[in-house]
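Given chain W, put chain C in place with the hints provided.
Chains as they are written, first to last, in this note's numbering: chain W, 1 to 398; chain C, 1 to 357.
Just so you know, the hints here were simulated from the structure itself, not pulled from any lab data. Check the hints yourself; a few may be wrong.
Derived SDA-like pairs (lysine to any residue); straight-line CA-CA distance at most 20 Å [claimed, not checked]:
{"id": "1", "chain 1": "C", "residue 1": "Lys-245", "chain 2": "W", "residue 2": "Pro-395"}
{"id": "2", "chain 1": "C", "residue 1": "Lys-287", "chain 2": "C", "residue 2": "Asp-75"}
{"id": "3", "chain 1": "W", "residue 1": "Lys-279", "chain 2": "C", "residue 2": "Ala-259"}
{"id": "4", "chain 1": "W", "residue 1": "Lys-398", "chain 2": "C", "residue 2": "Lys-287"}
{"id": "5", "chain 1": "C", "residue 1": "Lys-7", "chain 2": "W", "residue 2": "Ala-311"}
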Amino acid sequence: MISVEEFAKQADAWFAEHTPREVPFMMPLTFMEVGTDEQFDFLRDWQNKVHAAGFLGAHWPEAYGGGGLTQAHQDVATRAMRKNGAPIMLNAIGIGWAGPLILDTGSEDEKRRYLPGILSADDIWCQGFSEPDNGSDLGNAQLKAVKDGDEYVLNGSKIWTTQGNYAKYMILLARTNMDAPNKYAGLSFFLSPMRIPGVETTKIRKLTGEFGFTQTFFTDARISADCLMGEEGEGWKVAMRTLEYERGARKGEAGGYTISQTNPLEVVDLAKRAIRNGKPALEDPVMRDRLVTQMIEAQAMMANRERAKIAPLVSENPFALPVLSKLQFTEYARVTGELALELEGAQSGYYVGERASREDGYWQRSYLNAFSATIGGGTSQIQRNIIGERVLGLPKTK
Amino acid sequence: MTQHLAKIALTDMQAELRDQAMRFCADKSPIAKVRSLLTDDHGFDAAVWAEMAALGWLGIAIPEDYEGLGLELADLVPVVEAMGKHLMHSPFVSTTLAAQAILAGGSDAQTALWLPKLASGTVATVALFEPTGAWDLNAVEGQTKTFVMDLDASELIVTTVKFEGQTRLALIPRDRITARRETIIDEMKRSYTFEVPDVTESDLMPAKDAVTALERIELVANLLQAAELSGAAMACIDYTVDYLKTRKQFGKVIGAFQALKHPTVDAFVDAEGARSLLYAAATHCEKQGEGEIAVRMANAKAEGALSFAADRSIQFHGGFGFTYDCDAQLYRRKAMFAASQFGDAAFHRARLAELLL
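Next up, chain W with everything else stripped away, as it sits in the complex:
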């Protein structure tokens, strides 16, 4: 097996050479911002290339399209992507949720059928958890899956389906039992095909004016009973397991990143160029204070990640740091976006498409898009409940 050091060198060299530098459209910073066919085709092609070069799924078994190496190999490849500022991996739900779940708990047939397409981005996956009336209260999902012979019949709707209009498969949380002893026990988990009669998607226009999500409608859509993952009634457990992969509490992701992190230096760089009230923004003492506040916060998040590796320094509660990172990072990104607009002063009033705007409205869009992460995947308010209850031991909010 190739050594991790050698693999790291190869990855660094590959990304240095192949990372695209100039594209004629706005590069999506997260997998939730893929709003045009042009963006989608570009990113699908990019993930396909990265996988073919061996730098995605390097630690997954070769029989399923992986590289047969170790987690450490994939980690250095992911670092090389970051270092070279490579675009995001497109197939986020496949890489981070469905893939690891299938790899861990799927049958041999499921692994062979689904995993290679996840890595190559030939098969795009989406997630069907939230519903129009059940967002934060995921356990109350109402989409019905009624068993009929060797099929299930689906009726209902899912919302905030990222890349729903491009997806071939959906990980789907549906209600198979209306009379279960509690709301969670009635749920089941499916690996459900999207391109079948009775499944339709409608694009959702985001607050930015762009697209990236769909609402997905199921009308007497029939799927094979084989699509069930685990047993009937275990849906909540399986869904929670997928969330653990995504939140980094459980290992198994195919690697790469699906959200580019905001580098605080980018805002500093902006502050050096931006003019606020006729003067360089960097000369404004209030702006300086806020910039440094954000830099300290960024530093604290990095230091948290380092501390999480040192057992004696997290002995009071080993789960605290991983559990709070989503809240901390997403709120940081939102506030940083807001600060960037203040730095821009009068120019903050322009928007994407205006030639007088700074970087074609990059920060305006970033700030508005930042809410996708403070709302999606459990809102910041739900995160505070989770931290308060599971880490601090406060009583449940009812």
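This is chain C only, laid out in the frame that chain W set:
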């Protein structure tokens, strides 16, 4: 940029010191003891101080040549963090600052005379602040000193003076100083003011090292303040959470209300970040230039974390929070006093802006 400054190294010695100090402070500084010392002249228990000296803590960052343990500044951090967590006041920080000043700027004779004493438990302190309120330690008029901690218990005062127009550091024995105790907002600490007596050449540290010594004092003071405040923030949140888990209103344990739960979580997230920055600062504090960045970030974050946690602790304790008996005031006053010494969080951020932007 500053990514490498986020790396944390913890030696076995530091892990051991942390365990030892947490156990020791929990044992020697229960809240009833903290409360009883509020009215004590010196604000600490001399017997406990003697035990700390016997454990070798006063010699941690003093070289073996001067009868210390010869460890690093980083090894002071777990000890002061534990003291902060258990609200244990002692002249540990004052004495450590005096020792580090002498180590950085003292003559051979001064170093050889004083460091072995300080390593074994002789109390000393530093006098750096003046009524102008300046946090710039070089801005010295040399008349009156204020915010001199633990002076009455000290045998030695390391003070800035103005000598032939220059800012210098002088070593002055306690018996040459007439001091008055000041009333300060943190009642766990003891602060004094005095008029600087006439000094002669023999009292002074060598001139060329004064600036170095002052920079050293500032760095160590900020590092140890970050440790104290970070430790206190953890304890303050525990104290608040305990109340939120037991107090009932409207038939509910009040911790179930999100209006109380969510800000408490925010305080916790802040305090966890402060802890991580503290350990990172301990790891990097000796790096030329970058040490200051890591230390000021840690101190700014820790002050903010404790201020917010304690402010909300008062509020969330309701009517009880408004009483002297509620410990939330001890934490809030600690944060306020710390902000007045060596610069508040906004001051550190302004310095960081100069270093980073």
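Outcome of the hint check:
1. Lys-245(C) x Pro-395(W): holds, 7 Å
2. Lys-287(C) x Asp-75(C): Satisfied, since the Cα-Cα distance of roughly 15 Å is no more than 20 Å.
3. Lys-279(W) x Ala-259(C): Violated: Lys-279(W) and Ala-259(C) sit about 41 Å apart, past 20 Å.
4. Lys-398(W) x Lys-287(C): Judged against 20 Å, a Cα distance of about 50 Å means the pair is violated.
5. Lys-7(C) x Ala-311(W): Holds. Lys-7(C) to Ala-311(W) sits at ~15 Å (cutoff 20 Å).
Going down the numbered hints, you'll see the structure goes against 3, 4, while the others check out.
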